[in-house]
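**Student:** The primary structure of each chain is shown beneath.
2 protein chains.
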Amino acid sequence: MSSFSNDFQNNLHDLMCWRRDVRRFRTDPVDEALLAQCLTSFTLAPSVGLSEPWRIIRLESPRARATALENYQTENARALAGYDGEKAALYSTLKLSGMQDAPVQMAVFCDESTAKGAGLGAATMPEMRRYSVVAAITQFWLMTRAHGLGMGWVSILDPLALTRDLNIPECWSLVAYLCIGWPETSSDTPELETSGWEIRRDSLPIETR
Amino acid sequence: MSSFSNDFQNNLHDLMCWRRDVRRFRTDPVDEALLAQCLTSFTLAPSVGLSEPWRIIRLESPRARATALENYQTENARALAGYDGEKAALYSTLKLSGMQDAPVQMAVFCDESTAKGAGLGAATMPEMRRYSVVAAITQFWLMTRAHGLGMGWVSILDPLALTRDLNIPECWSLVAYLCIGWPETSSDTPELETSGWEIRRDSLPIETR
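Here the protein sequences line up with chains A and B, keeping their order. Going by my numbering, the first sequence runs without a break in its numbering and finishes at 414. Going by my numbering, the second sequence runs without a break in its numbering and finishes at 414.
Hint data in this document are derived by calculation from the structure and do not stem from the laboratory. Please read these numbers as outputs of a predicted model, since none were measured by experiment. Any given hint could be a false lead.
Chain copies aren't distinguished; within one or between two, either way the pair holds.
The calculated lysine to aspartate or glutamate pairs, modelled on DMTMM-like cross-linking and capped at a C-alpha distance of 25 Å, are [said to hold, decoys possible]: (1) K300 to E398; (2) K321 to E412; (3) K292 to D316; (4) K321 to E237; (5) K321 to E375; (6) K300 to E375; (7) K292 to E317; (8) K292 to E412; (9) K321 to E389; (10) K292 to D219.
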């Protein structure tokens, strides 16, 4: 099968509207079979030279979770200190991670040294390996939402400290820290818009050469 | 609407199977209304701090197209020179871009200096802005394929030279060069697999901490 119906095309558009960065999770568990099914979207992702450089670390132990949470709390306090006045007041009210609630948490790394793909397509732009990992995460994001799950991407972290504290090979770089679970609520409006931090543009910046 | 049917979930899986890096295009044009419809997937993409840092440059003039093609040809020759023996012989047979045929071509940049989002989420990982652009491209990739279009992502380019030659602001960094059009053929197997360059893994590397 390689052609898709109008209904599917419209639903895909709806899915992209509903796919949101989720920070508020219920604490009930996610079925492992459902999670595994969603994770197949990683193996189907495009990757530069077929290098498939994604490496996933699930954080299950209280120690690993505490390390990651402490990293976030430190960096979030530092980020808050970088704002002044009203912006600082607003920032302090934002909930920017679901790390204290999300039942499934994983750190996603890029193996910068993989021999897979023999470097094809990554000579002048080695960042293509990390971009391949991002593409896989994006597919996973859409797939989880299609099954009713929510995902949040936390980036307020010291990536080198987390890599060291989780005992990760040095040639792996942190791309994302993902919180996954059943969302408390569902909305097609970004929380940063609801909270008054920023609004979405209604047009796309395109120029021609 | 925020829940999706089993049929939709299965079709989304199929879409991810069929979404391929396309390098062989028919030369007939792409309807502008269809292209605009697919491009809405950019405006629906997640972005760090709602920074929406994507900037699109469509290459329409023969001069801009020739500049990009020459850049690719130079870097592809250099890449070939980096392989020896059988790998070099195989590399020289690969078609790695559709730049000579694809009716629509666009370079996608990240505005590293955007004030939008006020830096939220990008203090310790400024690469999150580029990752947001990659997420938008991935959504666009899926949406074009859902409409039967093919897309190819060319990364065998000198990004700084292309940025200079297209007269792009210095604070924008090249994330992707995209070729878009009607694919000559359709397959769920990557061309790099068919050609014998690399094979896909059938499992996902996951560890637990």
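**Student:** Against each hint, give a clear statement of whether it holds in the structure.
**Tutor:** Hints versus structure:
In this homomeric assembly, K300 and E398 come within 25 Å of each other (Cα to Cα) only inside a single copy, at 13 Å, whereas the closest approach across copies is 44 Å. When the C-alpha separation of K321 and E412 is checked against a cutoff of 25 Å, the pair qualifies only between copies, where the shortest distance is 19 Å, while the shortest distance within a copy is 37 Å. Only between protomers do K292 and D316 lie at most 25 Å apart by alpha-carbon distance; the minimum there is 22 Å, versus 37 Å within a single protomer. For the identical chains of this complex, K321 and E237 are neighbours neither inside a copy (29 Å) nor across copies (38 Å), given an alpha-carbon limit of 25 Å.
Within a single copy, K321 and E375 get their C-alpha atoms as close as 18 Å, which meets the 25 Å cut-off; across copies the closest is 33 Å, which misses it. Taking the shortest Cα distances, K300 and E375 never come within 25 Å of each other, neither inside one copy (31 Å) nor across copies (34 Å). Taking identical chains as interchangeable, the C-alpha atoms of K292 and E317 lie at most 25 Å apart only when they sit on different chains, with a minimum of 21 Å there against 37 Å within one chain. For a Cα distance limit of 25 Å, the shortest separation of K292 from E412 qualifies neither inside one copy, at 32 Å, nor across copies, at 39 Å.
With identical chains, the CA atoms of K321 and E389 are never at most 25 Å apart, being 40 Å at best within one copy and 28 Å at best between copies. With identical chains, the CA atoms of K292 and D219 are never at most 25 Å apart, being 32 Å at best within one copy and 44 Å at best between copies.
The structure fails to meet hints 4, 6, 8, 9 and 10 from the earlier list, while all remaining hints are met.
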